[in-house]
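Chains as they are written, first to last, in our numbering: chain A, 1 to 492; chain B, 493 to 679.
Do not rely on the hints blindly, as some may be mistaken.
If you only want the chain A side, here are some residues facing chain B, beta carbon under 8 Å, derived [unchecked claim]:
hint	residue
1	Met14
2	Gly16
3	Glu18
4	Thr20
5	Val25
6	Gly423
By construction, these hints were calculated from the structure, which means they are not laboratory data. These figures come from a predicted structure and were not determined experimentally. Glycine residues also receive a C-beta, built at the ideal position from the N, C-alpha and C atoms.
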Amino acid sequence: MYDPKFEKGVRQKMEGLEFTPSQSVWANIQKAVAGQRRRRGGLFFWRFALPAVLLAGLTSVAYFAATRRPATIARPSVSPATTAGAESPKVSAAPAAVTAPPVAATATQSTATTTQRPATAPAAAAPSGTSVHEATQDRAVANDHSRTTLASHRAKGDRNTAIHPSGEADGSLNLVASAKDATTNTRTTTSATTTGTTDAGTTDANAAIAPYLYQPALADQRSSAAIKAAVPSAKKSIISLRRLDKAKRPWEAGFAAGGGVSRLNRLNISTTTQDQSLSANLYNIATTNAAPSKTYVSDIRPDASFTAGIYLQKPLSRRWSVNLGMNLHYYSTRITIGQQVNTYVPAAASLIAPNVSQAAQTSTAFIAGDRQVFTNHYYFLELPVNVQYQLNKSHLLPLFVEGGVSLSRLMGSDALFYNAHSGVYYKDPSVLEKTQFNVSSALMVGLPFHGIRIMAGPQVEYGLTPLVNNHSQGDQHFFYGGLRIVVIPGRK
Amino acid sequence: MDYHQLVKDCLRGDPAAQKLLYEHFAGTMLGVCYRYTKSMVDAEDVLQEGFIMVFKNLHQFSFTGELGGWIRRIMINTAINYLKRHSRYQTDLLFTEGNLHPVSDDDPEVSLSTKELAELIRQLPPGYQAIFNLHAIEGYSHVEIGKILGIKEGTSRSQYARARSLLISWIYRYSASNQNETTYVRP
Chain A
1 MYDPKFEKGV RQKMEGLEFT PSQSVWANIQ KAVAGQRRRR GGLFFWRFAL PAVLLAGLTS
61 VAYFAATRRP ATIARPSVSP ATTAGAESPK VSAAPAAVTA PPVAATATQS TATTTQRPAT
121 APAAAAPSGT SVHEATQDRA VANDHSRTTL ASHRAKGDRN TAIHPSGEAD GSLNLVASAK
181 DATTNTRTTT SATTTGTTDA GTTDANAAIA PYLYQPALAD QRSSAAIKAA VPSAKKSIIS
241 LRRLDKAKRP WEAGFAAGGG VSRLNRLNIS TTTQDQSLSA NLYNIATTNA APSKTYVSDI
301 RPDASFTAGI YLQKPLSRRW SVNLGMNLHY YSTRITIGQQ VNTYVPAAAS LIAPNVSQAA
361 QTSTAFIAGD RQVFTNHYYF LELPVNVQYQ LNKSHLLPLF VEGGVSLSRL MGSDALFYNA
421 HSGVYYKDPS VLEKTQFNVS SALMVGLPFH GIRIMAGPQV EYGLTPLVNN HSQGDQHFFY
481 GGLRIVVIPG RK
Chain B
493 MDYHQLVKDC LRGDPAAQKL LYEHFAGTML GVCYRYTKSM VDAEDVLQEG FIMVFKNLHQ
553 FSFTGELGGW IRRIMINTAI NYLKRHSRYQ TDLLFTEGNL HPVSDDDPEV SLSTKELAEL
613 IRQLPPGYQA IFNLHAIEGY SHVEIGKILG IKEGTSRSQY ARARSLLISW IYRYSASNQN
673 ETTYVRP
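With the hints as extra help, turn the sequences into a complete structure.
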């Protein structure tokens with residue numbers, strides 16, 4: 001065989017081979033090293049992204065919960081059903097005040113009547129009828145600002161059995177006519193009622209004053225006029241309540257999480273890959289005398305996947321809602337590989353001690369084989385936008401179907417890719433498409449639980465964008481299937 | 493030069509230290525890269541990628557060996573990966589019986605200059621070139637070369653023998669043409 005002196009001579013000659021690189025090389029290196037430093041900073045940031053996302057979710061939940069609580073308390077005060085109950089003390093106080101003028105103006109004995117009723121005490125304590133009347137007018141104007149509804153009007157209108165047709169009564173009715181609101185009508189009518197009942201005690205003494213007696217026709221006219229005046233304002237209040245109801249569909253914040261299995265679907269492995277594999281085999285056959293050995297190229301097998309993030313939901317109607325979010329999605333797949341490729345070179349740059357070898361693994365590469373299982377990890381940051389529809393009207397077990405799209409960005413990966421030429425698996429993040437566009441769908445069931453709304457159900461997600469931009473690897477698309485859980489605190 | 497301190501400064505992110513490290517090794521390493529590629533542009537590409545790897549993995553340098561040797565290994569690996577990645581090298585890495593060269597046992601004296609010899613090595617087909625560089629100059633065994641290039645040990649051995657024979661024949665021809673006072677004969 002050959003004499004190693006030739007190799008020694010070549011080595012010695014090549015040891016002195018030197019060139020001066022162009023200036024652009026260092027400029028590019030400097031730029032890349034600075035970029036790596038920035039990317040490392042970015043990686044550092046994303047390492048804490050999940051806790052940050054959870055913290056942001058918690059904060060937003062706390063904020064929404066805090067803003068929702070006063071709304072739920074305030075709502076009954078404007079509701080038609082609850083207005084009568086909530087404002088009943090005010091309304092009951094108002095007739096007493098309105099009652100005062102006729103009592104003070106018509107008879108002194110009515111003072112005794114008013115003093116017997118605690119509600120009318122302030123009116124009885126008034127020094128004169130004029131001042132009481134002014135006070136009553138002020139109160140009526142003040143009450144004009146507070147809105148009551150048809151329900152309260154009806155509640156009070158039931159007692160509308162008599163109308164005081166005297167001058168004072170006319171004055172009060174003029175006040176009724178001038179007041180546009182049903183509240184004032186109701187209160188003045190009620191005051192007339194009270195006055196009538198108060199005067200009823202003195203009817204025996206003043207039997208001659210016929211106009212003071214109960215007149216059903218006039219009473220009907222007055223009450224129907226009051227109701228007619230009350231209806232438009234009631235309609236207005238109902239419309240405003242509906243508007244309020246529409247506005248009461250706030251964004252709700254919660255958490256979304258899921259776990260399942262992810263796999264890579266290979267739609268079409270290009271003929272290039274097959275040709276390359278074939279040519280690689282031919283290469284082995286052509287260059288070796290031994291029989292060609294089998295090259296074991298691993299299948300890509302599914303592995304665990306999970307997702308977690310914040311969830312924002314905006315109800316559009318009773319059934320439809322739109323939801324957004326921000327998730328960290330972890331995908332993984334498994335492959336079988338051979339042993340790691342170690343690079344052995346003589347220590348001290350090959351020449352000083354050529355028989356001493358030292359291992360170096362500067363870039364990770366594995367030969368094809370079935371010696372070990374390797375898990376490819378992929379970390380994506382997802383921004384999903386989904387539309388949700390409630391399939392049934394059940395409050396106990398509502399069913400939701402959800403569909404939408406998501407835009408995701410690859411945050412990191414340590415995946416290995418197979419090179420058909422060299423027969424090795426190697427890491428090359430540059431072949432990955434970093435921005436992915438996915439479609440997803442889920443069927444979920446709602447589970448109200450102590451004020452926390454929980455939705456859970458199966459979910460599937462498919463990556464429309466090929467994972468690898470190198471077409472020789474085939475069109476690889478992510479598929480994820482698993483269980484999705486959404487938790488929205490603070491609402492039953 | 494105190495490499496220990498230089499590496500520490502580089503790890504701290506000192507741009508001046510990084511430039512000093514680069515300037516100290518760039519010339520030699522470009523020579524290494526030049527032997528594996530077919531053009532100076534490609535060699536500079538490999539040098540650039542290699543130095544990026546060096547700065548990225550500098551924290552892994554254990555100070556037990558020579559810094560130059562460590563950087564050289566990175567350059568070699570980067571060069572091999574570069575050959576694998578680029579199709580213009582991949583097609584030539586595949587050998588068929590048609591373009592195999594005969595093996596000879598000649599053992600000439602290497603009387604060429606460094607650059608002349610480097611030029612002749614670069615004229616070898618990429619497969620031969622890589623194997624010759626890895627075995628004859630870097631001292632890799634055929635088992636290791638087989639693992640690196642994804643080929644059999646025997647393949648590496650036979651490819652090396654053919655590369656060596658081809659190079660020797662070129663050296664003879666080149667020396668003869670020089671003796672006949674011809675300026676340069678492209679093999």
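- Hint numbers the structure violates, sorted upward? none
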